[in-house]
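Use the sequences and the hints to build the structure in full.
Those protein sequence lines, which keep their order, are chains A and B.
Numbering of the first sequence is given in my numbering, commencing with residue 1 and proceeding in unit increments.
Numbering of the second sequence is given in my numbering, commencing with residue 1001 and proceeding in unit increments.
Check before you lean on any hint, since a few could be wrong.
Some but not every residue of chain B turned toward chain A, in silico, with C-beta under 7 Å [what the hints assert, rightly or not]: (1) L1038; (2) A1039; (3) A1096; (4) W1100; (5) N1109; (6) V1110; (7) A1113; (8) F1247; (9) L1248.
Chain B residues, not near chain A, derived (Cβ > 10 Å throughout) [as the list claims (entries may be wrong)]: (10) Q1093; (11) Y1141; (12) W1191; (13) D1241; (14) D1290; (15) A1300; (16) A1353; (17) R1358; (18) K1364; (19) H1426.
Source of the hints: derived by calculation from the structure; they are not laboratory data.
Glycine included, C-beta positions come from ideal geometry on N, C-alpha and C.
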Amino acid sequence: MFNQIFESVWGQANALFYPFRRRRYMDVVVVLAGLSILFGLVTLGRQWTGIHRPVVEINLSPWALPKYTFFSMMRGLAAYAISLGFTLVYAFWAAKDSRAEKLLIPILDILQSIPVLGFMPGLVLALVGLFPHSNLGLELAAVIMIFTGQAWNMTFSLYHSFKSVPLEFQEAGTVYGFTWWQRLKWIELPFGTTGLVWNSMMSMAGGWFFLMITEAFQLGDQDFRLPGLGSYMSVAVEKANMPAMLWAILAMVTMIVFLDQVLWRPIVVLAQRFRIEDTSQGDAPRSWLLRLLRRSRLIRLWEARRVHRKHAPPPAAPKKKAASGGLKGQALFRWLANLALAALAGVIVWGAVALVLFLGAITRGTWFTLAKAGGLTLSRVLISTVIGTLWAVPAGLAIGLSDRLSRIFQPVVQVAASFPAPMLFPMVILVLAKFGIGLNYGCILLMLLGTQWYILFNVIAGAMAIPGDMKEAATSFHFSRWQRLKVLYLPASFPYLVTGWVTAAGGAWNASIVAEYYNLNGATLQTFGLGATISKAAYDRNLPMLAASCLLMSTIVVIFNRLVWKRCYKLAFTRYSLDK
Amino acid sequence: MDVKTAKADNIILELKGVQKSYDRGTGKPLRVLEDINLAIKRNEFVCLIGPSGCGKSTIMRIFAGLIAPTKGQVFFHGKATEGLLDNVAIVFQAFALYPWMTVEANVENVLKAKGLDRNDIKERTNHAIQMVGLEGFEEAYPRELSGGMKQRVGMARALSVDPEVLFMDEPFSSVDALTAEGLRAEVLDIWDDTGRNPSSVLMVSHDIPEVVFMADRIVVLSANPGRIRTIVENPLPRPRDPRSPEFLRLVDELHDIITSTELPDIQVTTVEPSVESDIVEPLPNGQYADMLGLLELLEARGGASDLFQVVAHTHVAFEKVLTTVKGLEMLELVETPKRMVQLTPLGLEFVQAGMDDRKVIWRKQLLELKLFRVVKQLLDLREGELSREEVIQEISGRLPMEDPELTFETIVAWGRFGELFAYHKHRGVLTFE
Chain A
1 MFNQIFESVW GQANALFYPF RRRRYMDVVV VLAGLSILFG LVTLGRQWTG
51 IHRPVVEINL SPWALPKYTF FSMMRGLAAY AISLGFTLVY AFWAAKDSRA
101 EKLLIPILDI LQSIPVLGFM PGLVLALVGL FPHSNLGLEL AAVIMIFTGQ
151 AWNMTFSLYH SFKSVPLEFQ EAGTVYGFTW WQRLKWIELP FGTTGLVWNS
201 MMSMAGGWFF LMITEAFQLG DQDFRLPGLG SYMSVAVEKA NMPAMLWAIL
251 AMVTMIVFLD QVLWRPIVVL AQRFRIEDTS QGDAPRSWLL RLLRRSRLIR
301 LWEARRVHRK HAPPPAAPKK KAASGGLKGQ ALFRWLANLA LAALAGVIVW
351 GAVALVLFLG AITRGTWFTL AKAGGLTLSR VLISTVIGTL WAVPAGLAIG
401 LSDRLSRIFQ PVVQVAASFP APMLFPMVIL VLAKFGIGLN YGCILLMLLG
451 TQWYILFNVI AGAMAIPGDM KEAATSFHFS RWQRLKVLYL PASFPYLVTG
501 WVTAAGGAWN ASIVAEYYNL NGATLQTFGL GATISKAAYD RNLPMLAASC
551 LLMSTIVVIF NRLVWKRCYK LAFTRYSLDK
Chain B
1001 MDVKTAKADN IILELKGVQK SYDRGTGKPL RVLEDINLAI KRNEFVCLIG
1051 PSGCGKSTIM RIFAGLIAPT KGQVFFHGKA TEGLLDNVAI VFQAFALYPW
1101 MTVEANVENV LKAKGLDRND IKERTNHAIQ MVGLEGFEEA YPRELSGGMK
1151 QRVGMARALS VDPEVLFMDE PFSSVDALTA EGLRAEVLDI WDDTGRNPSS
1201 VLMVSHDIPE VVFMADRIVV LSANPGRIRT IVENPLPRPR DPRSPEFLRL
1251 VDELHDIITS TELPDIQVTT VEPSVESDIV EPLPNGQYAD MLGLLELLEA
1301 RGGASDLFQV VAHTHVAFEK VLTTVKGLEM LELVETPKRM VQLTPLGLEF
1351 VQAGMDDRKV IWRKQLLELK LFRVVKQLLD LREGELSREE VIQEISGRLP
1401 MEDPELTFET IVAWGRFGEL FAYHKHRGVL TFE
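In structure tokens, the structure reads:
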């Protein structure tokens, strides 16, 4: 990600570190890192099991920020762990059980389109009720809300990988009698790893989007707040404390860069093993951390032991009977899967009935108003996507086609895309207010703030992927700039642009919830729209209204996906694909 | 060896009355194999060879138990079996190695799946790796290896399970020619050791000298649906010399068998009936670029050539050359007396013509074919816009033994070259050019 920058900084810093490297001071660093993680976890444990205080006073001093940032990061990581577990089970089930698949995949499609806020009141009330005497309920609610922002596209990615394992890989597995577990471990999971890692990074970024809301929110007259970066920002915004806002933004950027360098970069490097293309690629990703860690004697010792264990004459294990009880085990599995499927179907029916009863409270007039709000928000989403496209496509092509610019800007754009845009909203709103622009049009700009990066980022990737010979051909034919754009650059980057659009529009829908309804300096700024309706319903604890507006939003999103984005994808992969 | 006198316990695996068909969704099931009876005896090297679409890989997979036959039975040592054989091993055409595992792990995991204990796994892995000469490569990943070395890993993996019959699915076709030479000899060496498994080998191939070099029995198949045409015993003493007259004679014999079944000389020419019958000829899936290339080649060689000299000269698999020749023959641009392929006067005219005239001839010849006339009539009926589904429906009705999608592709490709039809892939419709 930010590797190029870090590599160059690292290169210069390397000289400084030279004596340390020689004396293997890395061991000390490894031990210290281990101790600090332990300390962090103990603090976290104390916070989690601490006595329940509904409103935590947030200290706006910048010195309090590291602790808050650490808490928020751990929530994000805990949510990610849950997302990963969910993904493994759900994707495996959907890929292996063709009957369940018919139900599971549409459900996932719908879940993906429900805004996070739609889950909030129910979750919070239920979990706080479950743990009335400690912070555990509230913490869990926050973690699960982050989870709902992370899990779905990871699950889709893994499911698609499971379904597209090459036939010969499967046949070899069958011929050599792999059990389902061995297939999963040796074929299916490794095959899905590359996609899963990539989507994990995206998901983690997406999980931060609602951080301000997940850590600090009102439900009717109840005020819930957890110590964390998001609530720090919320309080700073409420009090219009500009320095604190800037500190929070800095802390967020630091956390994103930290996670990228310390967590994702090493994982990406380790996942290189699971690439499918047979050729070794020239520009392999690198991780300074991994390189550093390998210098540590402790780590080496551990690795050596592992290898040793692998090669040592092993104790004679009792001979396993091949495929013993296979049939019986399978029948049991079958039975359990059926049971789970039946339970799921039951929950869906129950949920649908409950929803219908719930929605009975909504009058026809309200539905009409909601539909108008939906239309308005849809047009805002589309306008923001169009504006984003208009500037991001030329900019993305310019960056992606130049080696120098892409080296500089790609990491920057990636940080920008991972940054939760709602944290920037207050500043933009203040600027807009100066120019006398209300939230009605202003919220388009706010949405744009969160979504344009996805378009830019994908177009850069698309432009970088245009094969050199095609560019050479365009040069040799003396194509004008405009011809090149029309004949080569736009078509070749179109598949990437579509991915950018889909992500951007999804992000814009989410952003509408925050952008159309914002609490700033004690006042509530709002404009008419579906996002504002959802926010307001959540804050007023008007559950039927919340259900109705979320239902409408996911319906619009699902229909729009089916009618527009699916066709764009089809076009991109049939006509504009560069493979074959 | 006489099949009838062979004792029953001398037979390891046997297919009796095997038929295989695939459900194509709506229409009638597509039959790919018909009445296959074949036995693999102890210490025997059997090769399957035949034109494309003859189902040779399917037969191998039915033997292995990977695919269940629609009708008929598989017998293992005289007992009817169903499902995967014990200790079955296949060497795959595209290797099917797991790229995230080292060479050693690729072999070891197969043995782990069998539930062997650790010492045994270690021992067998080392032995298998040593058998194919991969020592020193244990910790390498498949992507670091060349095609030939990858296939060695595939062989080590297969041999490690100690299979009684080793199945090989065109094992040398993804390997360059020089490496293939070496691998063939090594496979024979490994098989030749009668004291040890694999006792027998069943190999699918598309290379005639290769099967003559390796096989004891050569099973020649014909296509649509796949049938056993004949089984040729190969009595040549081993080691075999590919340049010896006996070897060349056998290669020649196989050439004759294949040309006589695939390109028969006695064409059944019926008198044109007054009412056109519903019967259409199946369309070979020849690529027009190959067809043009073959015509140019023939012209350069004075208008005629031996079919298998073309194969040897171009290094193209004979199935592909056969398909190309069949396509040209259908368009009456070449004739095939015995094993010769020669230009017809029209073919000569075509080759010597410019691109525009070529297209005129091509178009005229296409419309001589019933299938193209049918599609054209349908297109007229639908006022110049015909959906892909409708054409496929029509094809599967008229050619129940053919893969309708493949035939449709050929119609589109040939029709496009003749500027007869245009096909719009996104909308899935055929129109006039």
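**Index of numbered hints that the structure contradicts, given in increasing order** = 1, 2, 8, 9, 10, 11, 19
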